[in-house]
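Novice: Throw the hints in and build the complete structure from the sequences for me.
Protein chains in written order, with my numbering: chain Y, 8 to 219; chain S, 90 to 422.
Rather than coming from a laboratory, the hints here were simulated on the basis of the structure. Since this is a predicted model, take the numbers as computed values, not measurements. Built from N, CA and C at the ideal position, the CB exists for glycine as well. You can take every hint at face value.
Which stretches of chain S does chain Y cover? Using the computed rule of at least three CB atoms under 8 Å from a CB of chain Y, they are:
#1 189-202
#2 213-224
In silico negatives: residues of chain Y with every beta carbon more than 10 Å from chain S:
#3 Thr57
#4 Ile90
#5 Ile180
#6 Gln204
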Amino acid sequence: MIEELLKATIETLYMTFFSTLIAFMAGLPLGILLYLLSKKKDHASKIIYTFFDFIINIFRSIPFIILIILLIPLTKLIAGTIIGANSAIVSLSIAAIPFMARLCENSFNSLSHEMLDTASSMGMTTWQLITKVLIPESLPEIISNTTILIINLITYTAIAGAVGAGGLGAMAINYGYQRFRADILLYTVSILVIITQLVQFAGTLLSKRLRR
Amino acid sequence: MLRLEDVNLFYQKNNHVLKNISFETQKEEILGIIGLSGAGKSSLLKTFNLLQRPSSGKIFLDNILITDLKKKELRQVRKQISVVFQNYNLLNSRTVFENVALALELEHQKFIEPTVLNVLEKVGLSHRKDAYISQLSGGEKQRTAIARAVVTNPKILLLDEPTSALDPKTTEKILDLVLYVNKELGITTIVVTHEMEVIKRICDRVLYLKDGTIKFLGQTHRLFIEKDSQILEDFYEEINIDKELINQKLEKKESHLLRIVFWGSSTHCPVISTLSLKYSVTSNILYGKIEHLKNNPYGTLILEISENPNYSDFLNELKKNVYFCEELTGGGK
Ligand SMILES: Nc1ncnc2c1ncn2[C@@H]1O[C@H](COP(=O)(O)OP(=O)(O)OP(=O)(O)O)[C@@H](O)[C@H]1O
Ligand SMILES: [Mg+2]
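Specialist: Now the structure itself:
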């Protein structure tokens with residue numbers, strides 16, 4: 008039993024970790040792109056921004072369980088199967104990327120409007136603007152947003168568990184719901200709560216440290 | 090040298106913010122741009138390095154037409170025009186030292202440290218170099234912003250309302266710093282302000298902007314001469330002049346009223362009394378004031394001269410001996 012709990016915990020952590028990683032790696036650049044596009048005044052940028060904005064809103068409005076179903080063909084294509092942790096990572100990441108992008112865009116928007124003027128007046132390239140101003144200046148904000156993302160993903164793994172992803176969510180459903188094992192339900196939920204608390208604690212601490 | 094030729098700026102079709110602006114900076118001067126809120130000062134400042142592209146007109150830096158440059162060349166030009174923004178816009182994630190070093194990092198310069206330390210010393214911030222921006226006072230932030238602006242040794246320094254958020258004491262210190270930086274580093278400086286005090290204390294020349302047009306451009310003391318002859322009255326009210334008294338005297342037409350301006354050397358010699366004796370005219374001082382324009386004394390006198398056969402000879406010689414002299418006539422003041 009303990010072995011099974013441990014395995015489920017590791018699966019949950021595995022799914023959370025990799026989907027966070029992918030969401031971060033794709034969402035941050037997308038967020039930067041959105042921010043930069045939104046600040047440009049030319050027509051083309053405005054159209055591209057509206058397009059991305061629309062797509063992101065669509066993804067964010069689809070309930071996760073339905074997204075999993077819609078993504079079955081893609082999941083099959085990428086992971087080869089639709090059950091197991093790796094398959095879950097596909098849909099978890101795709102749900103998380105737009106979320107992360109929007110969170111990042113918001114963090115950049117909370118910087119002073121004049122930051123862009125300052126950067127251009129110093130003759131910065133776009134790359135220098137991103138690496139020297141945007142990211143360092145909004146890092147505390149990005150960290151707290153990533154914390155929100157991770158916690159969201161942990162709950163999403165449980166939903167994915169319902170459709171064959173494995174992990175603590177699956178175990179809670181299998182034992183707790185289908186076999187009426189209240190003790191195992193309690194254990195899995197406790198572990199989920201502990202993980203969430205730890206992530207929140209670490210995120211808050213880090214973000215506070217970086218805030219100057 | 091920065092030169093604008095016939096610059097116009099429209100924000101929307103019918104929002105004509107800058108109208109036919111043409112002027113050129115002079116080497117190593119401090120030029121003040123003054124005007125009421127909404128006159129277009131900040132917009133004008135932003136056109137200098139094309140943060141705001143003008144709708145029409147040409148802008149030159151050292152005879153290079155920057156309005157025609159490609160992105161990459163424009164970046165190089167912008168590095169020669171430093172801006173100190175009204176809100177400082179310093180990076181909170183960096184210390185004072187790191188903020189100042191930023192401009193040099195962009196160039197991948199070596200020996201950043203001694204250069205930055207040297208500038209911090211000049212602006213009087215050596216002891217605060219490791220502080221983060223949120224730990225600084227307004228004056229210290231302004232010093233940091235100025236240090237960041239001048240560390241690259243730019244050709245032009247632009248300051249947008251550098252003292253509007255500071256108390257009078259700190260204002261004074263910051264203005265002294267601007268003077269010092271301008272003199273020490275020989276950077277042509279343009280200051281946008283709505284405070285006449287700033288103009289008086291540090292500016293060699295003034296550009297008065299009203300509703301997007303240049304109403305006056307010239308040496309600071311000339312502005313004050315113009316000002317008193319009412320051109321700028323909407324902007325700058327001379328509270329000490331008893332206008333009622335002067336108006337009454339003008340209406341009676343029993344005596345002549347003269348407005349006399351002393352500037353530079355003429356402030357030191359007793360012209361009035363000498364000439365009064367010589368022509369035996371009696372003069373009565375209605376108003377007198379001496380102030381300082383960038384440490385040069387500038388005096389204004391309003392005299393009442395009683396009717397006298399020698400009056401016109403007196404006036405002629407007076408005009409030769411003072412910087413500016415005009416007869417006040419009724420209807421105006
Ligand atoms: N980005 C913008 N878009 C549209 N209109 C603008 C923009 N920036 C400024 N304006 C308008 O242009 C005019 C001039 O503004 P500007 O900020 O240049 O004035 P200012 O002289 O700097 O005023 P202040 O002393 O209040 O800073 C104002 O009427 C303002 O509403
Ligand atoms: Mg302004």
